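Q: One letter stands for each residue in the lines below.
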Amino acid sequence: MEQVAISAGHDTAQHSGTGVSNTKLAIWLFLSSDFLFFGAFISAFLLYADRTPAGAKQLTDELNIPFTSATSFILLMSSLTMVLALAAIQRGDHRRVRIWILATALFGAVFIGGQVFEFTEFVRNGYALQTSTQSSAFFVLTGLHGAHVTIGIIWLLSLWGLSSQGRLKTEDAPKVELAGLYWHFVDVIWIVIFTVIYLITPLTQGTK
Amino acid sequence: MASFKTKWRRSAVAAGVLAAALALAGCATNNNGENTLHPKGTEARRILSLFTPIFWVAVFVGVCVLTATLVFAIKFRERPGNTNPKQIHGSTPLEIGWTIVPALILVVIAVFTIKTIFQMDRTLKNPIEVQAVGKQWWWQFNTKTDPYKVTAADGTQTTATEIVTANEVHIPVGKNVQINAQACDKVIDAKGKQTGLTNCNVIHSFWVPELNGKADAVPGRDHLWIIEADKAGTYLGECAEYCGLSHANMHFRVIAESPDDYAKWVKQQQKGPAQALLTADNKPAGNVQNLIVNKFGCVGCHVLTDPSKYAFAPNLTHLASRTTFASGYFDLYARDKAGNPIYSQPNTQKLADWIYNAPGLLPMESKDCRLPPGPNAPCAGMPSFSQNTPKGQATMTKDEAMQIAQYLLDQK
Amino acid sequence: MTTVSDAISHVEQPHQRVDLLHRPTKSTGFWSWFTTVDHKKIGILYVVTAFVFLLVGGIEALLIRLQLAGPNGKVLTAAMYNQLFTMHGTTMVFLMGMPLAVGFGNYLLPLMIGARDVAFPRLNMFGYWAFLMGGLFVYSSFLPWNGGAPNAGWFGYTPLSSAPIGNGFLPGHGADFWAVGLVMLGIGSTTSAINFIVTVLNMRAPGMTFLRMPVFVWMMLVTAFLTLFALPVVTAALIMVYMDRNWGSNFFNSAIGGDPLLYQHLFWIFGHPEVYILILPGMGIISEILPVFSRKPLFGYTVVIFSGIAIGFMGWGVWAHHMFATGLGPIAVSAFGLSTMLIAVPTGVKIFNWLGTVWGGAIRLNTPMLFALGFIAMFTIGGLSGVLHSVVPADTQQTDTYFVVAHFHYVLFGGTVFAFFGGLFYWFPKVYGRMMNDRLGKWTFWVLLVGFNLTFFPMHILGLEGQPRRTYRYGSGLGWDTYNRIASLGAFVIAIGVLLLLVNMVVSRKHGQPAGADPWDGRTLEWSIPSPPPEFNFAEVPEVEARDDWWHRKYTEDDRGLLVRLPSGAAEAVGHGDAEAGHHIHLPSPSYYPLVLSIGLPILGYAAVYHTLWLGIIGAIVLTFGAYAWAIEPPTAEEPA
Ligand code: HEA
Ligand code: HEA
Ligand code: CUA
Ligand SMILES: [Cu+2]
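Protein chains in written order, with the numbering used here: chain A, 202 to 409; chain B, 12 to 423; chain C, 60 to 700.
No lab work stands behind these hints, which were simulated from the structure alone.
Model, not experiment: these values are computed from the prediction.
Any given hint might turn out to be false.
[Unchecked claim] Simulated crosslink set (EDC-like; lysine to aspartate or glutamate; CA at most 16 Å straight-line):
id	chain 1	residue 1	chain 2	residue 2
1	B	Lys-97	C	Glu-602
2	A	Lys-225	A	Glu-322
3	B	Lys-97	C	Asp-618
4	B	Lys-97	C	Glu-594
5	B	Lys-320	B	Asp-200
[To be verified] Among the chain B residues that face chain C by a calculated CB cut under 10 Å, a handful are:
id	residue
6	Leu-77
7	Thr-94
8	Gly-101
9	Trp-109
10	Leu-117
11	Cys-195
12	Ala-201
13	Gln-205
14	Ala-243
15	Thr-245
16	Tyr-253
17	Gly-255
18	Ile-266
19	Thr-406
20	Lys-409
Quick reminder that beta carbons are idealized off the backbone N, C-alpha and C, glycines included.
Using the sequences plus the hints, can you model the full thing?
A: Printed below as a string of structure tokens:
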């Protein structure tokens, strides 16, 4: 958001002490902080993974692993298109920039669509936020991740809008890079979440 | 201007005064019944004998640092002749020294600390077991006993293995008692197996300063804790974890007595109620009983006829055998000079006031609340029967309150 | 001072221009305080606001002490008392301690590292507004229709704080305001932490290597990292509390397996680093004051810095010492007891290095120095009672008693607040170009020192004698009456001291002795420029050649290690550039949007507390508008032709 503010504005261009631009350093710091934010919820989920009282709905009965694997795969693909978008703007190929950004946002939207479907399906089957400690951790954790993806989509669409108006120049590549860092981070977090919820939990809970 | 020497001496005196103040803290003689510096049992004594030497180490370190600060500040003051100090940037030997010396002191402290931690964490063989269950704002004590029979009004008999009291628990002198601090009641099925938890409350903390440190009662957890008292007497306890509105009033008492007296107490608590509440066909056995059962629904929250049962509010089967009521806040009987209750002089009026309008005596969060509270019937504490009465519920008169109080005071 | 406080009281009716896209241009005058991106002005806003919250939190403390002055106090009801101690703790930690440090950091970091501003000026402004909005939001819970202020204690243990209102454990919306408000404050603190880190890492003047940075800068850097990693954890915990209380989730519902201790772990993983967030800036401040007033370099500069970093790291491994009574088991408590004790080592190293700095100096006992020395003494007492807490079995007696209250006020008041007061006296001349009255300052120090010890020393004894904390009354006949009376008396003596400080600041700002650029014969770069500093800070970005660069432009050491003053002029030539030079310096331009964005926060907050969808939509619109307008606004306005 805040651009290479001061250094650009100054008469004596300030060197950067780390060699990384201010904004990039800032986004890295933010993401490291955000990582701990998710870490807290993941810990909560792990703590509650096998505490569902007898008789209550179990997460493992609800999970549709093939379906979520597919949407997860699409989300991962969006990281690829994000990389392509960045490469495009660095080359100055603005038509491709728009295509790849839009593709990234679209993939993200498909993922969110899948999540919305998953949530409604679960709730319809009687597995809701209120069901158990585990369901609370599940919905809040994945929901907050979904919120992150949504913010990413809005961010990407804004870049797309700017680009369409010709306001995203080749020298604005760092703006795309920032959005990209965020987007990759959100993907990486999903890999962790997916592993914990969809792969490990069913294993530890075994056959019931 | 005073010479340097006198100044030095003056600061030393100041430091001495400070040390004296600290010493005062260490040897405070206040005997208030809940002073951690006056242990009355093994566990608390163990803690104090760990604390005292470490405390003096801390005082020593503190006095050194404070004296140095004071002395340096005065000694090296800028004055004619001392305006151009030598520029010292550091000293490696000193750095190493003042890293290692504190570290060594701490190692010693740590060794004794950890030793004591493991000494205090032991399991007892055949202990007397008491579950201390924290509630807003009172304690329920379930004491394990040998199996005994409880007879209901209609004559059916069941076997029980606990006696349930509120805010006062008896223990035998010199015996280790295993407290289990909790914040939920257990759901027990017909076979006596625990199947879940109910009435989960907020966190409270079980603390009898003269007998041991604190054991938090965390909902959903068991917290085993040992207390032991050397001498017969009453030991004051406090809830030591903030638990909402009336946390400050959540007192309780541990009454230590000779093994004989303790056995007598158990026997007496195991008895059924002194007066019948219900007739054999489960109707109120009289006028007061009708007030309690029907008109004001006391039985919705309290148990009055079965010493082994717990409910939302204190078990009152043997209320009159206690010395206090309202989480230990009020005396049930007048006390003699030594502080022992005079059973012939009950505090009936106070008890009646309490029954009439408890939230007027202690802060409670029980407006518009009656009968067993459930979701969306907020009820923390005893409701008032004279004010804020929910629609369709009876309002109590002072006379009715008095009758109930008298009835309860007959429940030895 | 008037303009600033006016600015604060008017904040609720923000200046709305019809045409928001007209960029504000004024950098002086009343309205400029709403749009400024100058780190110095933002620093002043932070400090003044935090000071107001210190007074508010202090008044709450005075009410607490009035209530406790005698047995069975009748000044406050239980409900009021519980709100007051919760808000006192919350205010002092989140609305006084943290923002005061951010304020000092804001003003000083760029000056100390030779930069013209922080890395992200508008984000900086947003951090301030988020802090102010968060504070006002939490305090708005006192308004009668909101049904009471937060009342679950400053660490809001679950399930007391998290059980649905319908359960009746904790009445009112207080806990909701608390959880939501703290998340808001967390957003502000995180942005300023990021800003500080980037500023320090990226914007140092040429030659300002890491081992030439002033200790205060170092400590702020460590603090910023602690903030960055601690806040997300508590934010997560607060979201869980909010969800449990409002939307029926079951994170802490023990009836079906929720574990309240999860909350305690999360809170204290934040909470313990938090107390170092509160003390490290203070340690930085006194590491600046002590050398200047001893006319000696800081003893063991690198060791002081590395011990600060060590404290920062070790602070992550001790959190469960707040949970010694929860039944974690002997192995866990042994480990945490041990790690807690270990922190005494790097802290002790700092204390000894400070004493080493004083030793053999030529000490000027001006007010800042008195506070710094007071810090050493009082903090040590507090630290030692901390070590007594780490003795686990003993802590099961001490925890939740006034012994703990004594411990943390010694480190927080005797430590943090003393350091900040010292810093106020020290840097006031830099900020306003006028000295604070030193005589009155010395009086202030002694009044505070006496009042502080009267208040909090007896609490050690009270705690050991069994008085539990967070109790709105105690019975008579427990032997606590006298000590409590003394403590209450002391609190009012402290209040006199704070009033003296207040008067001194207000009067000195207009009528103090003119200070000049370098009144204390300082060592660090901020003293090389005029007081108050020009908007662009440095006419010429300094080339740093040594640690304590400014000092080395004034003095050198002869071969016996004694000071020799360099011919004057040498220093002058480097520093004070003429103001004309500033004309060519292009500074970031003021902006409305940080304010607009932050106004969205409390609106969303109210929507969250009262589950009002339409309010949520309005909040989201304001937020989005602010963010978009900010994003497309260039950091620096076009140069007027
Ligand atoms: C500025 C804030 C601050 C600081 C710096 C500290 C510093 C320390 N704290 Fe404190 N603490 C708090 C703020 C702070 N604390 C607060 C707010 C609470 C209560 C929270 C609540 O419940 O509301 C608390 C509570 C608290 C507890 C929990 C008490 C309880 O509730 O039961 C413990 C337990 O171990 C503890 C320990 C320590 C230790 C060991 C240090 C150490 O870092 C201190 C180290 C310093 C020294 C030891 C002095 C100097 C050293 C020497 C001179 C060297 C020689 C020394 C020896 C050989 C011993 N603190
Ligand atoms: C930096 C942190 C900080 C500071 C500075 C203070 C300062 C003070 N604290 Fe604080 N305190 C805490 C942090 C702090 N406290 C915390 C975290 C808790 C735990 C809360 C909890 O349990 O949840 C606590 C709890 C606490 C308690 C325990 C309450 C309880 O457990 O029941 C008490 C009791 O005496 C107390 C007293 C005081 C006093 C007398 C001061 C004094 O030093 C205050 C001095 C300031 C003033 C007196 C202000 C001066 C006002 C004026 C001069 C008036 C001017 C008027 C106008 C301009 C209109 N505090
Ligand atoms: Cu129960 Cu405090
Ligand atoms: Cu701590």
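Q: Under 10 Å, Cβ to Cβ, is where Ala-243/B needs to be relative to chain C, so tell me if that hint holds or is violated.
A: Constraint on Ala-243/B not satisfied, violated at 21 Å.
Q: With 10 Å as the cut and Cβ atoms as the points, is Thr-94/B at the interface with chain C?
A: 5 Å, holds
Q: So, as I understand it, the hint says Cys-195/B touches chain C; can you test that by seeing if any CB pair is closer than 10 Å?
A: With a minimum Cβ separation of about 6 Å from chain C (threshold 10 Å), the hint on Cys-195/B holds.
Q: Hey, Lys-97/B versus Glu-602/C, does the alpha-carbon distance stay inside 16 Å?
A: At roughly 27 Å apart (the allowed maximum being 16 Å), Glu-602/C and Lys-97/B break the hint.
Q: Tell me if Tyr-253/B is really an interface residue toward chain C, meaning its C-beta lies closer than 10 Å to one of theirs.
A: Holds: closest Cβ of chain C sits about 4 Å from Tyr-253/B, inside 10 Å.
Q: Quick check on the hint: Thr-245/B CB to chain C CB, less than 10 Å?
A: Since chain C brings no Cβ nearer than about 14 Å to Thr-245/B, farther than 10 Å, the hint is violated.
Q: Quick check on the hint: Gln-205/B CB to chain C CB, less than 10 Å?
A: With a closest approach of 13 Å, the Gln-205/B hint is violated.
Q: Sort out whether Asp-200/B lies within 16 Å of Lys-320/B, counting only the CA atoms.
A: 13 Å, holds
Q: Would the hint on Gly-255/B stand, with a C-beta cut-off of 10 Å toward chain C?
A: Hint on Gly-255/B: holds, closest Cβ of chain C at ~6 Å, below 10 Å.
Q: Below or equal to 16 Å on CA atoms is what counts here, so check Lys-97/B against Asp-618/C.
A: Cα-Cα ~10 Å, so holds.
Q: Against chain C, run the beta carbon of Gly-101/B and see if the smallest gap drops under 10 Å.
A: For Gly-101/B, the interface hint holds, since the closest Cβ of chain C sits about 4 Å away, which is under 10 Å.
Q: Let's test the interface hint: is any C-beta of chain C closer than 10 Å to that of Leu-77/B?
A: Interface hint status for Leu-77/B: holds (5 Å vs cutoff 10 Å).
Hint check: violations occur at hints 1, 2, 4, 12, 13, 14, 15, 18, 19, 20; the rest are consistent with the structure.
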